[in-house]
Amino acid sequence: MSSPLVKGEPFLVTLSALATLLICFIVVPIAALFLMVDPSTMAEVFSGNPMLASQARSAFIVTFKASLLSTAILLVLGVPLAYILARYDFPGKSVVESLVDVPLMIPHIVAGVMILMAFGRGGIIASLTGAAPKIEDTFWGVVIAMAFVSIPLAVDTVKVAFQSIDPMLEYVARTLGASRFRAFTTVTLPLALKGVIAGAILAWARGLSEVGAILVVAYYPKTVNVLILEWLNVYGLRYAIALAVPFVLLTLALFTALRILQGMVSRK
Amino acid sequence: MIVIEDLEVRLGDFRLLIGGLEVMDGEYLMVLGPSGVGKTVLLHTLAGLMKPCRGRILVDGEDVTNTPPEKRGFALIPQNYALFPNMSVYDNIAYGLRARGVSEDDVRRTVTELADILEIKHLLGRKPNQLSGGEQQRVAIARALAIKPRILLLDEPLANLDPRLRSKAREFLKGLHQELDFTALHVTHNIADAVYLGERIAYMEEGRLVAVLRPEEFLVSKYAKPYIDDLMPVFRSFHS
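For the record, the sequence lines run as chains A and B.
Once you know that position 144 of the first sequence is 144 in the working numbering, the rest is easy, because the numbers rise by one and skip nothing.
Once you know that position 237 of the second sequence is 1237 in the working numbering, the rest is easy, because the numbers rise by one and skip nothing.
Among the hints, a few may not be true.
[Claimed, not checked] Straight line, CA to CA, 30 Å or less: simulated DSSO-like cross-link-like pairs of lysine-lysine:
id : chain 1 : residue 1 : chain 2 : residue 2
1  : B       : K1148     : B       : K1121
2  : B       : K1148     : B       : K1168
3  : B       : K1148     : A       : K93
4  : B       : K1127     : A       : K194
5  : B       : K1168     : B       : K1071
6  : B       : K1051     : B       : K1168
By construction, these hints were calculated from the structure, which means they are not laboratory data.
If we strip away everything but chain A, and leave its shape as in the complex, we get:
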């Protein structure tokens, strides 16, 4: 439980000063981005120039669709894995836990290469099965790249949520006549919901911000990040900023709304 800050206490003053430095470290670049924006370029990008506007619109659609889809996939596959890791001991558990964290440790360009080598047309899966769906330069390539780099954030956050719930609650539910599934869905999962939402938010945020792995796996269809990079190279900083500002604004608004929702769930 958080307690209110007491004014004037030296220890808290020091903490607050250091904390403020870090907040500035985040706020100043955001403010700089907004201050640098050129309204006429922005107008050109979103309405004046049909080609740029169409590119921007489709990049937004691809980015949000792919990141939501990758988050949904991660929830379906990640919640069971997080539950198993939180509740059971088995041989090789630490190896599985380390594997989950691999995408966090490797450069994302390398992650993209790994995805291509595994699931691409010349990859292991294709050579073993004789055929594999095309992921290079496809929407699903973007989804796979986003999901891969987001695995640790989704699984680890949800795992911690499950670990914080007393397993005795589930045992008691079972002695009262609930199947394992019913005990999980009526007791454990609702109690872990705040953590599951936090995991989803982090995974979605990671997916939205991904660029390295996407550049390798699927340059097309272009996501917002890829398009920002392209416009930076082709048209210069002004155009990159004009595209970045609405993207940052939209994601900030969405994540703030989700954090409020998360707070409402935890107060219930």
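Dock chain B against chain A, hints included.
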């Protein structure tokens, strides 16, 4: 009647051995012993949460040793009561009935009836974190009794209560058992709980069941001596 036959449970280096134990229908059996002798392991094995490596658990002659907890009908009340924090008191008590597919009318009737008997009717709309220790205990008992269990398994349910509440809760449990006549196996390390509540006392030492005695027999047995020796210096200091 519940019969435990030649039960062996292993948990790392620890081994629980129960040669034989019978719990009669309607009996309130206390399992007494110091901490770490395997009382909770016995309870969890009976509830179906741990698998024995040898032996059988029989209910009226039916072997339930490998029956999953949800099909066994043994209701467990753990030391911390484990009330579901995401549900109201009403929903906690109704949980087992709903899991069994009982109609909402029957659920309401059973919950209200039990809430009346346990004097918790005014708490039905509250969440577990709004209850005192004694209230939580009553809700946990109501939740367990709602499913009409074959046996109620109580794991030190009085341990978290202060001494005044503890003796009141003890009296309450005794009265409730006399009124509802349920079968109970209650684990404790407290001799006062065991003697006051138990119709028989099963005494455990180092993972083994060593004696099953009536309370009056237990009090004069060698097994009661360490407990009484522990209290004597206190009494003597009062006298002096």
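Status of each hint after checking the structure:
no.	hint	result
1	K1148(B) <-> K1121(B)	holds (19 Å)
2	K1148(B) <-> K1168(B)	holds (24 Å)
3	K1148(B) <-> K93(A)	violated (40 Å)
4	K1127(B) <-> K194(A)	holds (18 Å)
5	K1168(B) <-> K1071(B)	violated (33 Å)
6	K1051(B) <-> K1168(B)	violated (36 Å)
Violation of the numbered hints given earlier is confined to hints 3, 5 and 6; the remaining hints are satisfied by the structure.
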